[in-house]
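Asker: One letter stands for each residue in the lines below.
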Amino acid sequence: DAGVIQSPRHEVTEMGQEVTLRCKPISGHDYLFWYRQTMMRGLELLIYFNNNVPIDDSGMPEDRFSAKMPNASFSTLKIQPSEPRDSAVYFCASSLGAGNTEAFFGQGTRLTVV
Amino acid sequence: SQQGEEDPQALSIQEGENATMNCSYKTSINNLQWYRQNSGRGLVHLILIRSNEREKHSGRLRVTLDTSKKSSSLLITASRAADTASYFCATPYGGSQGNLIFGKGTKLSVKP
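Protein sequences appear in the order of chains A and B. Mapping of the first sequence onto the working numbering: residues 11 to 124, in sequence order. Mapping of the second sequence onto the working numbering: residues 32 to 143, in sequence order.
Calculated lysine to aspartate or glutamate pairs in the EDC-like style (CA-CA distance at most 20 Å, straight line):
#1 Lys-87/B / Glu-112/A
#2 Lys-57/B / Glu-54/A
#3 Lys-138/B / Glu-54/A
#4 Lys-135/B / Glu-112/A
#5 Lys-135/B / Glu-54/A
Note that these hints are calculated values from the structure, not bench results.
One chain only, chain A, in its complex shape:
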């Protein structure tokens, strides 16, 4: 397996634009996590899915953020409209057993909103 695959690796967009980040988890993993990493706040859990169903989205900062998992092999994180304070590295991770097992991270998407 190629691991968790995220795209794009880098995204630069203008304030107000819609941004869509994509993730392909490792095949067979039932859990998928979206994290955001900044210098100030560290690694924050935004939302996680179990078997394609969102379980906890309490970390999603605002209604501008939404995440979907239409099937077991694909998830998106959308920001609409984007703002400069959304600039961060966004990571997707997948695991077999939630917080009780190893999580595998993608390489991240570095988002810059200007």
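Given chain A's structure and the hints, the job is docking chain B onto it.
Answerer: Just chain B now, with coordinates in the frame of chain A:
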């Protein structure tokens, strides 16, 4: 916040020395994990220690867990320049223990 908190925030040592990083957490857990992040990369899992374990080894890594003190330590022995990275502890959180919450990490610099 229910995050683990690593200590120190930054650590600089010479190659060959040992590096010790600590993590404290707030809630009861059934396991604690350590991850490494190289600059510009994703996190990589290092080791998982369960609540009924006190110590675990993996190569040059040694992890301890003290559930009574809600703390863990990561020891890297005979450090190498390639160990330069940020190290994070992670704990499950929430009713279903489904969330995996990370601390802010210890930035380790190993000088050759």
